[in-house]
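J.: First to last, the sequence lines map onto chains A and B. For the first sequence, the positions run 1 to 89 when the working numbering is used. For the second sequence, the positions run 1 to 330 when the working numbering is used.
Quick caveat, the hints were computed from the structure, so don't treat them as lab data. On a predicted model such as this, the values are computed, not experimentally measured, just so you know. It is possible that some hints are incorrect.
[As the list claims (entries may be wrong)] Over the 10 Å line for every Cβ pair with chain B, so calculated as not near, a few chain A residues:
1. L18
2. R31
3. T35
4. D51
5. E76
6. Q87
[Stated by the list, open to error] Partial list, derived from the structure: chain A residues whose beta carbon lies under 7 Å from chain B:
7. G22
8. R56
9. R60
10. I69
[To be verified] So the derived label-pair ranges between C-beta atoms look like this:
11. A:E37 to B:A58: 44 to 50 Å
12. A:G42 to B:G309: 47 to 53 Å
13. B:L308 to A:M39: 28 to 34 Å
Where a beta carbon is used, it is the ideal one built from N, C-alpha and C, also for glycine.
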Amino acid sequence: MVETRSVERLDLHPDETLDLRGVLCPINFVRTKLTLEEMDEGQVLEVVLDDGEPIRNVPRSVKAEGHRILTVRRLEDDGYRLLIRKQVS
Amino acid sequence: MVVSGIEAELAGLKAGLKKEARRVKLNFDDLKSGGFIKQTQKDLFTVRLRCPGGRVTADRLRVAAEIAERYGRGEVHVSVRQSIEVPYVSYEHFEAIAEALRAIDWSVASCGPRVRVPTACAGCAYNPNGLMDTQSVCAEVDRRYFGTPTGHHKFKISFSGCPIDCFRTREMDLGFQGSAEPVLVEDLCTGCELCVRSCEDFALRMEDGLPVRDADRCNGCGDCIKVCPVDAMVEARRGWLVRAGGKHGKHPIFAYEVANYVSNEDVYSLIEMTLEWYRSNGEGRERLGATFGRLGVEKYIDEVIDPLGLEATRNPEDRRKYKSEGNTYG
Numbered sequence: 001m002v003e004t005r006s007v008e009r010l011d012l013h014p015d016e017t018l019d020l021r022g023v024l025c026p027i028n029f030v031r032t033k034l035t036l037e038e039m040d041e042g043q044v045l046e047v048v049l050d051d052g053e054p055i056r057n058v059p060r061s062v063k064a065e066g067h068r069i070l071t072v073r074r075l076e077d078d079g080y081r082l083l084i085r086k087q088v089s
Numbered sequence: 001m002v003v004s005g006i007e008a009e010l011a012g013l014k015a016g017l018k019k020e021a022r023r024v025k026l027n028f029d030d031l032k033s034g035g036f037i038k039q040t041q042k043d044l045f046t047v048r049l050r051c052p053g054g055r056v057t058a059d060r061l062r063v064a065a066e067i068a069e070r071y072g073r074g075e076v077h078v079s080v081r082q083s084i085e086v087p088y089v090s091y092e093h094f095e096a097i098a099e100a101l102r103a104i105d106w107s108v109a110s111c112g113p114r115v116r117v118p119t120a121c122a123g124c125a126y127n128p129n130g131l132m133d134t135q136s137v138c139a140e141v142d143r144r145y146f147g148t149p150t151g152h153h154k155f156k157i158s159f160s161g162c163p164i165d166c167f168r169t170r171e172m173d174l175g176f177q178g179s180a181e182p183v184l185v186e187d188l189c190t191g192c193e194l195c196v197r198s199c200e201d202f203a204l205r206m207e208d209g210l211p212v213r214d215a216d217r218c219n220g221c222g223d224c225i226k227v228c229p230v231d232a233m234v235e236a237r238r239g240w241l242v243r244a245g246g247k248h249g250k251h252p253i254f255a256y257e258v259a260n261y262v263s264n265e266d267v268y269s270l271i272e273m274t275l276e277w278y279r280s281n282g283e284g285r286e287r288l289g290a291t292f293g294r295l296g297v298e299k300y301i302d303e304v305i306d307p308l309g310l311e312a313t314r315n316p317e318d319r320r321k322y323k324s325e326g327n328t329y330g
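With the sequences and hints as input, model every part of the structure.
T.: Right, dumping it as structure tokens:
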């Protein structure tokens, strides 16, 4: 059941993509936030983050801003791919 | 006789002091309760203002600046326990300063064998790491217990909103640190591993697609709860982890964890019971930690933590996870 839920969401096509590998905290979060601000409610943003500090901090801040993290997938190069649905709170 | 000569001299000195005190309208009781700290320089003192939790309104800041300009040297010093101090003030101005403070419902801090001004971080009110509201409890503790005589030595209290412990609760007579216990709602978990990645203490690991927590490693920071995108990791409990008997100074003592998940309401009864226990069990000018050293922290847990119905931390193994390596001299 866990699998189905993830796979279902992985099929979502992102409206925007941000590759934030190599971008430090908190700039990575600020860029995520600014991109989301430009998007419409319900649209999906794809963000690629480094392991370590970025994956510890960015998802938490995105969640605190009221957006929904739909999926988190680990990439082969140790990065992470997040799909975020813009929420207007 | 030599002795009576000295006594006469002392009597003369005391009379002189009293006269001098009347001249500058000095209240010796004000002086004793603290806030005026003798400097190296003759007749000069540092005036320590009462700033619980390091929170100072703009109005009070203006008055502090005015006092510094008029009676000091136009500068303040921020004490290590968050209070504003005005150095280089002559004792002749004490009454004028006390009056200026009274006018805006402010006062000097405490010194001597009393409960000192409590300190606190920003807490959960606006710090994203915060788990507990440090500032409001700190303000209330200051209102209720500031200046209470202990009968033995100083008594320091501090509040840290989370286990990062910026307010060094391990070095306080009583330290309160925010703590949260996470629990997984398995049906909601998508197995994304964000919680595992966010845990700096490696307390979570994946087993059959779900995160499993090692309670011996978990320090209750709540990061896994905050990061979970689907709210599958939630808090079972939240409250204050209580540390007692710590101090810094020439002979530092690392405090003992004595209770956990203590509510805001219980903070007050815990402080009252602890002060009472310290009053009747302390000896001379020893700090609470030294009393524990003589009588054992178990006696304190038996007589204060248990009667209050709090969740006591008794087992040294349960304390080990809060301890880091370092030079502890064995």
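J.: Against each hint, give a clear statement of whether it holds in the structure.
T.: Hint-by-hint comparison with the structure:
Look at L18 (chain A): its CB is around 17 Å from the nearest CB on chain B, clear of 10 Å, so calling it non-interface holds up. Listed as outside the interface, R31 (chain A) is consistent with that label: its C-beta sits roughly 18 Å from the nearest C-beta of chain B, beyond the 10 Å cut-off. Residue-level check passed: T35 (chain A) sits 18 Å from the nearest beta carbon of chain B, beyond 10 Å. The Cβ of D51 (chain A) does not lie farther than 10 Å from every Cβ of chain B; its closest approach is about 7 Å, which violates its non-interface assignment.
For E76 (chain A), the non-interface assignment is confirmed: its Cβ lies about 15 Å from the closest Cβ of chain B, beyond the 10 Å cut-off. For Q87 (chain A), the condition that its CB be more than 10 Å from all CB atoms of chain B holds, with the nearest at approximately 12 Å. Of the supplied interface hints, the one on G22 (chain A) is violated, with its beta-carbon coming no nearer than about 18 Å to a beta-carbon of chain B, more than 7 Å. Proximity of R56 (chain A) to chain B holds as hinted, the smallest CB-CB distance being about 5 Å (cut-off 7 Å).
Look at R60 (chain A): its Cβ gets to within about 4 Å of chain B, closer than 7 Å, so that hint holds up. For I69 (chain A), the interface hint holds, the least distance from its beta-carbon to any beta-carbon of chain B being 3 Å, beneath 7 Å. Distance hint check: the CB atoms of E37 (chain A) and A58 (chain B) are about 32 Å apart, inconsistent with the given range 44 to 50 Å. For G42 (chain A) and G309 (chain B), the hinted distance range of 47 to 53 Å is satisfied, since their beta carbons lie about 50 Å from each other.
The hinted window of 28 to 34 Å between L308 (chain B) and M39 (chain A) is violated, with their beta carbons roughly 52 Å apart.
Violated hints, listed in ascending order, are 4, 7, 11, 13; each of the other numbered hints is respected by the structure.
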